[in-house]
Amino acid sequence: MKNILLITLLALTPVFASAQYLEGGIFLGTSAYAGDLTEPSIDFKEVHLAGGVLLRYNINDWVGVRGAFTYGQISGKDANASTDSRRSRNLSFRSDIYEFSIIPEFNILGFNPYDKYYSPYVFVGLGIFNFNPEAELNGQWYDLQPLGTEGQGLPGRPSQYNLTQLAIPFGVGFKYAIDEYWTVGIEFTSRYTMTDYLDDVSTTYMDRDELLQARGEIAANLGNRTGEYFGTEPVNTPNVDRGNENVDWYSWSGFIITYNFMDGFGGSRYGCPTNF
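Each step along the sequence shown adds one to the number in the numbering used here, with nothing skipped, and position 203 is 205.
Bear in mind the hints are in silico, worked out from the structure with no lab data behind them. Take the hints with a grain of salt, since some may be wrong.
Said to hold, decoys possible - Calculated lysine to aspartate or glutamate pairs in the DMTMM-like style (CA-CA distance at most 20 Å, straight line):
1. K79 to D181
2. K79 to E136
3. K118 to D63
4. K79 to D45
5. K79 to E212
6. K47 to E136
Stated by the list, open to error - Cβ pair distances, simulated, as ranges:
7. P148 to I28: 32 to 38 Å
8. P42 to F71: 27 to 33 Å
9. N82 to G53: 20 to 26 Å
10. L156 to D86: 28 to 34 Å
11. V65 to P240: 51 to 57 Å
12. F190 to W143: 40 to 46 Å
The beta carbon of each residue, even a glycine, is placed where N, CA and C say it ideally should be.
Use the sequences and the hints to build the structure in full.
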(Lines of atoms letter the chains of each structure in order from A and count residues from 1; the text may use other names and numbers.)
(Lines give C-alpha, C1' and ligand atoms only; values in the text may rest on other atoms or scores of the structure.)
Protein backbone atom coordinates (compact mmCIF):
# COMPACT_ATOMS: atom_id res chain seq x y z
CA MET A 1 0.00 0.00 0.00
CA LYS A 2 2.84 2.38 0.88
CA ASN A 3 4.52 1.60 -2.44
CA ILE A 4 1.30 2.38 -4.35
CA LEU A 5 0.92 5.71 -2.50
CA LEU A 6 4.55 6.60 -3.18
CA ILE A 7 4.22 5.79 -6.87
CA THR A 8 1.03 7.87 -7.08
CA LEU A 9 2.67 10.89 -5.43
CA LEU A 10 5.70 10.61 -7.69
CA ALA A 11 3.44 10.41 -10.72
CA LEU A 12 1.51 13.52 -9.67
CA THR A 13 4.58 15.58 -8.80
CA PRO A 14 5.30 16.74 -12.37
CA VAL A 15 1.64 17.74 -12.76
CA PHE A 16 1.69 20.03 -9.73
CA ALA A 17 5.20 21.26 -10.48
CA SER A 18 4.22 22.22 -14.00
CA ALA A 19 0.99 23.87 -12.98
CA GLN A 20 2.40 27.00 -11.36
CA TYR A 21 4.88 29.61 -12.52
CA LEU A 22 5.51 33.32 -12.11
CA GLU A 23 6.01 35.98 -14.77
CA GLY A 24 7.04 39.60 -14.63
CA GLY A 25 6.50 42.05 -17.43
CA ILE A 26 5.47 45.39 -18.84
CA PHE A 27 2.39 46.89 -20.47
CA LEU A 28 2.67 49.41 -23.32
CA GLY A 29 -0.44 50.88 -24.86
CA THR A 30 -3.00 53.64 -24.74
CA SER A 31 -5.41 55.21 -22.28
CA ALA A 32 -8.82 56.69 -23.03
CA TYR A 33 -11.86 58.07 -21.25
CA ALA A 34 -15.64 57.96 -21.69
CA GLY A 35 -17.88 60.35 -19.79
CA ASP A 36 -19.66 63.70 -19.87
CA LEU A 37 -17.14 65.22 -22.29
CA THR A 38 -17.29 62.50 -24.95
CA GLU A 39 -20.04 61.55 -27.38
CA PRO A 40 -21.22 58.89 -27.28
CA SER A 41 -18.25 57.01 -25.82
CA ILE A 42 -14.50 57.26 -26.50
CA ASP A 43 -13.17 60.29 -28.38
CA PHE A 44 -10.20 58.99 -30.36
CA LYS A 45 -8.79 62.53 -30.57
CA GLU A 46 -8.18 62.26 -26.83
CA VAL A 47 -6.28 58.94 -26.68
CA HIS A 48 -2.92 59.00 -24.87
CA LEU A 49 0.06 56.71 -24.30
CA ALA A 50 0.03 54.49 -21.20
CA GLY A 51 2.38 52.03 -19.55
CA GLY A 52 2.82 49.80 -16.55
CA VAL A 53 4.45 46.84 -14.85
CA LEU A 54 2.90 43.56 -13.73
CA LEU A 55 3.42 40.22 -12.01
CA ARG A 56 1.36 37.24 -13.17
CA TYR A 57 1.05 34.04 -11.12
CA ASN A 58 -0.21 31.15 -13.22
CA ILE A 59 -2.09 28.72 -11.00
CA ASN A 60 -2.64 26.20 -13.79
CA ASP A 61 -3.19 26.13 -17.56
CA TRP A 62 -6.60 27.75 -17.19
CA VAL A 63 -6.33 30.34 -14.43
CA GLY A 64 -3.81 33.01 -13.53
CA VAL A 65 -3.82 36.08 -11.29
CA ARG A 66 -1.90 39.26 -11.94
CA GLY A 67 -1.10 42.36 -9.98
CA ALA A 68 -0.34 45.48 -11.99
CA PHE A 69 0.55 49.13 -11.61
CA THR A 70 -0.45 51.23 -14.62
CA TYR A 71 -0.16 54.91 -15.49
CA GLY A 72 -1.91 56.89 -18.21
CA GLN A 73 -3.51 60.23 -18.93
CA ILE A 74 -7.11 60.89 -19.91
CA SER A 75 -8.73 64.02 -21.32
CA GLY A 76 -11.85 65.37 -22.97
CA LYS A 77 -13.16 68.61 -24.40
CA ASP A 78 -16.43 69.98 -25.71
CA ALA A 79 -14.52 71.56 -28.60
CA ASN A 80 -14.51 68.10 -30.23
CA ALA A 81 -18.31 67.76 -30.07
CA SER A 82 -20.49 67.65 -33.18
CA THR A 83 -23.30 69.87 -31.85
CA ASP A 84 -23.35 73.61 -31.13
CA SER A 85 -24.97 73.06 -27.73
CA ARG A 86 -22.13 70.81 -26.63
CA ARG A 87 -19.41 73.04 -28.05
CA SER A 88 -20.89 76.11 -26.39
CA ARG A 89 -20.75 74.41 -22.99
CA ASN A 90 -17.00 74.78 -23.58
CA LEU A 91 -15.74 72.50 -20.79
CA SER A 92 -12.49 70.54 -20.91
CA PHE A 93 -10.17 68.61 -18.61
CA ARG A 94 -7.14 66.38 -18.34
CA SER A 95 -6.12 63.99 -15.56
CA ASP A 96 -3.33 61.56 -14.77
CA ILE A 97 -4.49 58.09 -13.72
CA TYR A 98 -2.41 55.91 -11.37
CA GLU A 99 -3.93 52.46 -10.93
CA PHE A 100 -3.13 49.33 -8.94
CA SER A 101 -5.19 46.27 -9.82
CA ILE A 102 -5.56 42.58 -8.96
CA ILE A 103 -7.04 40.66 -11.90
CA PRO A 104 -7.80 36.94 -12.33
CA GLU A 105 -7.35 35.73 -15.92
CA PHE A 106 -9.14 32.78 -17.53
CA ASN A 107 -7.41 31.12 -20.50
CA ILE A 108 -10.11 29.86 -22.85
CA LEU A 109 -7.94 27.20 -24.56
CA GLY A 110 -5.59 26.59 -21.66
CA PHE A 111 -2.09 28.05 -21.74
CA ASN A 112 1.49 27.21 -20.83
CA PRO A 113 4.77 27.98 -22.64
CA TYR A 114 5.39 24.36 -23.61
CA ASP A 115 2.47 22.61 -25.24
CA LYS A 116 -0.39 25.14 -25.06
CA TYR A 117 1.46 28.21 -26.18
CA TYR A 118 -1.39 30.42 -27.36
CA SER A 119 -4.85 31.23 -26.05
CA PRO A 120 -7.45 33.97 -25.95
CA TYR A 121 -8.36 34.96 -22.40
CA VAL A 122 -10.94 36.97 -20.48
CA PHE A 123 -10.57 38.72 -17.15
CA VAL A 124 -12.37 40.70 -14.47
CA GLY A 125 -10.88 42.06 -11.26
CA LEU A 126 -10.64 44.97 -8.86
CA GLY A 127 -8.58 48.14 -9.03
CA ILE A 128 -7.91 51.25 -6.99
CA PHE A 129 -6.85 54.42 -8.76
CA ASN A 130 -5.97 58.04 -8.14
CA PHE A 131 -6.96 60.89 -10.44
CA ASN A 132 -6.88 64.70 -10.39
CA PRO A 133 -8.85 66.59 -13.06
CA GLU A 134 -7.35 69.86 -14.26
CA ALA A 135 -8.52 72.57 -16.66
CA GLU A 136 -6.64 75.31 -18.49
CA LEU A 137 -7.60 78.97 -18.20
CA ASN A 138 -5.57 81.79 -19.75
CA GLY A 139 -2.55 79.55 -20.19
CA GLN A 140 -2.52 78.19 -16.63
CA TRP A 141 -3.69 74.78 -15.41
CA TYR A 142 -5.84 74.54 -12.28
CA ASP A 143 -6.77 71.55 -10.11
CA LEU A 144 -10.56 71.39 -10.32
CA GLN A 145 -11.51 69.34 -7.26
CA PRO A 146 -10.44 71.97 -4.66
CA LEU A 147 -12.34 74.66 -6.60
CA GLY A 148 -15.70 72.87 -6.34
CA THR A 149 -16.87 74.06 -9.77
CA GLU A 150 -20.37 72.63 -9.20
CA GLY A 151 -20.48 73.92 -5.63
CA GLN A 152 -19.34 70.64 -4.12
CA GLY A 153 -19.15 70.92 -0.37
CA LEU A 154 -21.41 73.96 -0.12
CA PRO A 155 -24.86 73.82 1.55
CA GLY A 156 -27.44 72.16 -0.69
CA ARG A 157 -24.81 70.96 -3.16
CA PRO A 158 -23.09 67.56 -3.62
CA SER A 159 -20.29 66.62 -1.24
CA GLN A 160 -16.67 66.98 -2.30
CA TYR A 161 -15.56 63.95 -4.32
CA ASN A 162 -12.63 61.73 -3.38
CA LEU A 163 -9.63 61.61 -5.71
CA THR A 164 -8.98 57.94 -4.88
CA GLN A 165 -11.65 55.54 -6.13
CA LEU A 166 -12.37 51.89 -6.90
CA ALA A 167 -12.71 50.47 -10.40
CA ILE A 168 -13.75 47.13 -11.89
CA PRO A 169 -11.37 46.19 -14.73
CA PHE A 170 -12.61 43.72 -17.34
CA GLY A 171 -11.73 42.78 -20.88
CA VAL A 172 -10.33 40.29 -23.38
CA GLY A 173 -6.89 39.45 -24.67
CA PHE A 174 -4.73 37.02 -26.62
CA LYS A 175 -1.35 35.67 -25.51
CA TYR A 176 1.38 33.76 -27.35
CA ALA A 177 4.50 32.14 -25.88
CA ILE A 178 7.52 32.85 -28.07
CA ASP A 179 9.51 30.26 -26.11
CA GLU A 180 9.69 28.89 -22.55
CA TYR A 181 10.58 32.30 -21.17
CA TRP A 182 8.97 35.07 -23.22
CA THR A 183 5.25 35.62 -23.78
CA VAL A 184 3.62 38.44 -25.73
CA GLY A 185 -0.02 39.45 -25.73
CA ILE A 186 -2.53 42.06 -26.72
CA GLU A 187 -5.56 43.07 -24.69
CA PHE A 188 -8.49 45.46 -24.68
CA THR A 189 -9.91 46.59 -21.35
CA SER A 190 -12.45 48.89 -19.76
CA ARG A 191 -12.64 50.23 -16.22
CA TYR A 192 -16.05 50.73 -14.65
CA THR A 193 -15.50 53.36 -11.96
CA MET A 194 -17.45 54.35 -8.87
CA THR A 195 -17.31 58.07 -9.66
CA ASP A 196 -18.83 60.55 -12.11
CA TYR A 197 -16.07 63.08 -11.54
CA LEU A 198 -13.14 61.89 -13.65
CA ASP A 199 -13.89 65.01 -15.71
CA ASP A 200 -15.19 67.20 -12.83
CA VAL A 201 -18.60 67.28 -14.57
CA SER A 202 -21.69 65.62 -13.09
CA THR A 203 -24.74 67.56 -11.95
CA THR A 204 -25.96 71.16 -12.48
CA TYR A 205 -24.48 74.63 -12.68
CA MET A 206 -23.97 76.47 -9.43
CA ASP A 207 -25.26 80.05 -9.24
CA ARG A 208 -22.29 82.05 -10.46
CA ASP A 209 -22.62 84.82 -7.88
CA GLU A 210 -22.78 82.33 -5.00
CA LEU A 211 -19.84 80.35 -6.37
CA LEU A 212 -17.86 83.56 -6.90
CA GLN A 213 -18.45 84.59 -3.30
CA ALA A 214 -17.74 81.15 -1.82
CA ARG A 215 -14.84 79.92 -3.98
CA GLY A 216 -13.49 82.88 -5.92
CA GLU A 217 -13.19 84.07 -9.51
CA ILE A 218 -11.23 81.09 -10.89
CA ALA A 219 -13.87 78.62 -9.67
CA ALA A 220 -16.67 80.77 -11.10
CA ASN A 221 -14.95 81.16 -14.47
CA LEU A 222 -14.20 77.43 -14.77
CA GLY A 223 -17.64 76.43 -13.52
CA ASN A 224 -19.46 78.03 -16.45
CA ARG A 225 -17.45 78.75 -19.62
CA THR A 226 -20.28 79.45 -22.07
CA GLY A 227 -19.70 83.21 -22.03
CA GLU A 228 -16.04 82.59 -22.81
CA TYR A 229 -17.09 80.55 -25.87
CA PHE A 230 -19.33 83.32 -27.23
CA GLY A 231 -16.93 86.11 -26.25
CA THR A 232 -19.48 87.75 -23.95
CA GLU A 233 -19.76 88.51 -20.25
CA PRO A 234 -19.96 85.44 -17.96
CA VAL A 235 -23.23 83.50 -18.27
CA ASN A 236 -25.22 82.55 -15.17
CA THR A 237 -27.47 79.46 -15.52
CA PRO A 238 -28.08 78.13 -11.97
CA ASN A 239 -29.51 74.60 -11.66
CA VAL A 240 -29.35 73.95 -15.43
CA ASP A 241 -27.81 70.57 -16.30
CA ARG A 242 -24.05 70.79 -16.60
CA GLY A 243 -23.56 67.04 -17.03
CA ASN A 244 -25.29 63.79 -16.14
CA GLU A 245 -24.97 61.49 -13.16
CA ASN A 246 -23.83 58.40 -15.08
CA VAL A 247 -20.45 57.16 -13.87
CA ASP A 248 -17.35 57.80 -15.96
CA TRP A 249 -15.13 55.12 -17.50
CA TYR A 250 -11.52 54.83 -18.55
CA SER A 251 -9.65 52.12 -20.42
CA TRP A 252 -6.23 50.68 -21.18
CA SER A 253 -5.50 48.82 -24.42
CA GLY A 254 -2.17 47.60 -25.73
CA PHE A 255 0.58 45.00 -25.60
CA ILE A 256 1.95 42.93 -22.72
CA ILE A 257 5.41 41.35 -22.69
CA THR A 258 6.29 38.98 -19.84
CA TYR A 259 9.28 36.90 -18.79
CA ASN A 260 8.92 33.55 -17.00
CA PHE A 261 11.51 33.91 -14.22
CA MET A 262 10.19 31.39 -11.67
CA ASP A 263 9.49 28.29 -13.71
CA GLY A 264 7.77 25.24 -12.25
CA PHE A 265 7.94 23.34 -15.52
CA GLY A 266 10.44 20.61 -16.15
CA GLY A 267 9.95 20.20 -19.86
CA SER A 268 10.47 22.05 -23.08
CA ARG A 269 8.27 22.88 -26.02
CA TYR A 270 10.96 21.31 -28.17
CA GLY A 271 10.93 17.98 -26.35
CA CYS A 272 14.08 18.37 -24.24
CA PRO A 273 14.16 18.88 -20.48
CA THR A 274 15.25 22.35 -19.39
CA ASN A 275 15.51 21.93 -15.62
CA PHE A 276 18.00 19.58 -14.00
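Hint-by-hint comparison with the structure:
no. : hint                     : verdict
1   : K79 to D181              : violated, 45 Å
2   : K79 to E136              : holds, 12 Å
3   : K118 to D63              : holds, 8 Å
4   : K79 to D45               : holds, 9 Å
5   : K79 to E212              : violated, 26 Å
6   : K47 to E136              : holds, 18 Å
7   : P148 to I28: 32 to 38 Å  : holds, 34 Å
8   : P42 to F71: 27 to 33 Å   : holds, 31 Å
9   : N82 to G53: 20 to 26 Å   : holds, 25 Å
10  : L156 to D86: 28 to 34 Å  : holds, 31 Å
11  : V65 to P240: 51 to 57 Å  : holds, 53 Å
12  : F190 to W143: 40 to 46 Å : violated, 31 Å
Comparing the model with each earlier hint shows violations of hints 1, 5 and 12; every other hint is respected.
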